[in-house]
Amino acid sequence: MVTGRKVAVVGMGGSFPDCADINEFDQKIFSGQSLIREWSKAAERDKQIRSKVAGYINDNDLGIEPIYLVEGYDWPETFIDTRGRIPDINLSTADLGCVWAMNGALDSIEMAGWTKEETQSEMTGVVVASGGGGNVIMRNAWHAFFELGKKSRQAGSHMVDRAMSYREAANISCLIKNRGVCESIISACATGLGNIGYAYRLIKFGLQDRAIAGGVEGTSLETFIGFDAMQVLSKGFAPAESSRPFDIKRNGFVCSFGAGIVALEEYEMAKARGANILAVIDEYFNNSDGDGDMFYPSYNGQIRMWKGLSANAHIKPDVVKVHGTATPVGDILELISVVDTLGEEGYHVSAPKSQFGHMLGAAGSVEFIVALLMLKNQQVPGCLNSDTLNPELENFQKKEGWQGSMKPAAAYRHLIPQETISKEINQVVCLNYGFGGTNSAMAISRDI
Amino acid sequence: MDRKEILAGLIEVLRTIRTVDPAKLENVTEETDFMTDMNTPSTELINIAAKVEQKFDVEFEDEDIDELGSKVKDVIDLIIKAKARTEEERGN
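Sequences listed follow chains A and B, in order.
Using the numbering used here, the first residue of the first sequence is number 1, and each one after it goes up by one.
Using the numbering used here, the first residue of the second sequence is number 1, and each one after it goes up by one.
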């Protein structure tokens, strides 16, 4: 067994729906507010789109001003940063998600207190990604090339850098000028946590001393309609009641957008310079279901994930921050894999998607930030809309060969607070899963 | 459309290129060089050409772009040439 070095979280930042900054996000999350609103871009499509709600950030929110070259075109040419933090040359290579990513990186570095020399060191890496492609950027290419039959240059010379898969990492790296690793780890809805996990390993095994890590999902109607087409999005509830993890009436997730970025640092270095340590990462583990199913969650895969997480680390969480998307199958199967691992007492389950929906590639990192805030506030935010848990067994529990708990979801009501509660929180386990059967888990602790 | 009007239209296009310093657009003449006088990043030159095509409703030949000089007058020359060709093709 290789133990490696300890890794601390020393900074965080991001872009969150209906919040001016991370302080407003903190306040709204722990006072039990929903960040989900009706999304006019979906609603105006009327019967073309089933779901009408989202946790969204407009192009011109957060001090960002989009520049439209041609009136009536629904894709910005570039952006202006009215706060003056990001130079125009960096904005010219960014899509909206990259702007959020760069802002989150700057906030994280400021909170971490890294010097210019530390930030620009060969031992500082950037590991950030988004789940989706550069859809909005591609609109112009589709329109100009396929519909209007124009030459390729009408797509603009920034189609590649603004739409490529690792655009967020590339843009952050060009902005902060680090000299270490610059990569993206992409694993659908596990992307946000996966990037933090990979960055943790880079530091743990001595390849880097510092890293900017996280996940992003830029606002995109294309992303939204992809999931809407699968009929997996919440439908028929008022916006604040749309995301209902564990509730018997849940009928899908709320598609949301945002960014969560954190600064990681080798623990002894952070300690030595007197950094404020938001958390220590105890362990990260990820695996695959191995059952050949792209979409359906796997109880056995999740149980193996928990075993892997616990193999070399002391895992006794006070809170399990679950993936909890509010799709009919996922929530209860995940709840049972938690209960079958940890028992029926001694911890709480938190499902932050109840408040802001599913941020896809950003979900793991934004929810990781919620976990950091739980450690700071010593509070667990309630699971909104988890009004009624099923008193009957789920269908998968009735199938032959089912090896998990034979109790219904309602038996675990006591684990899922409906309002914010205060308690001593020393360790939080964060869980995220993605299409393709990928499972990821990270345990973090208070630095005491 | 005379050269003066084309220059004014070209400056309008340049104002939408965020990496071009707006202060440098105050004294643009036909002799201004995109590369040496305005420090325009090379990746933006093709964007300027594409936007000029939209603005003036013309389409440049690839060879014209390949041989394009870096001065403002070169772009104006090209616009006039492309406009003439377009009108010819449209039978005016």
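By construction, these hints were calculated from the structure, which means they are not laboratory data.
Do not rely on the hints blindly, as some may be mistaken.
What the hints assert, rightly or not - DSS-like, lysine-lysine: derived pairs with alpha carbons at most 27 Å apart:
#, chain 1, residue 1, chain 2, residue 2
1, B, Lys55, A, Lys150
2, B, Lys73, A, Lys28
3, A, Lys150, B, Lys83
4, B, Lys81, A, Lys150
5, B, Lys73, A, Lys376
Claimed, not checked - FRET-style restraints, in silico, Cβ to Cβ:
#, chain 1, residue 1, chain 2, residue 2, range
6, A, Asp46, B, Ile11, 53 to 61 Å
7, A, Pro87, B, Gly9, 49 to 57 Å
8, B, Gly9, A, Phe145, 45 to 53 Å
9, B, Ile11, A, Thr115, 51 to 59 Å
10, B, Glu63, A, Lys177, 33 to 41 Å
11, B, Ala23, A, Phe295, 28 to 36 Å
12, B, Ala23, A, Ala20, 25 to 33 Å
13, A, Trp142, B, Arg15, 49 to 57 Å
As the list claims (entries may be wrong) - Just a sample of chain A residues kept apart from chain B, beta carbon distances all over 12 Å, derived:
#, residue
14, Ser31
15, Gln48
16, Ile67
17, Thr93
18, Ala144
19, Asn276
20, Thr388
21, Lys407
Backbone N, C-alpha and C define an ideal beta-carbon position, used for all residues, glycine too.
Against which earlier hints does the structure fall short, listed by number upward? Violated hints: 2, 5, 6, 7, 8, 9, 11, 13, 16, 17, 18; rest satisfied.
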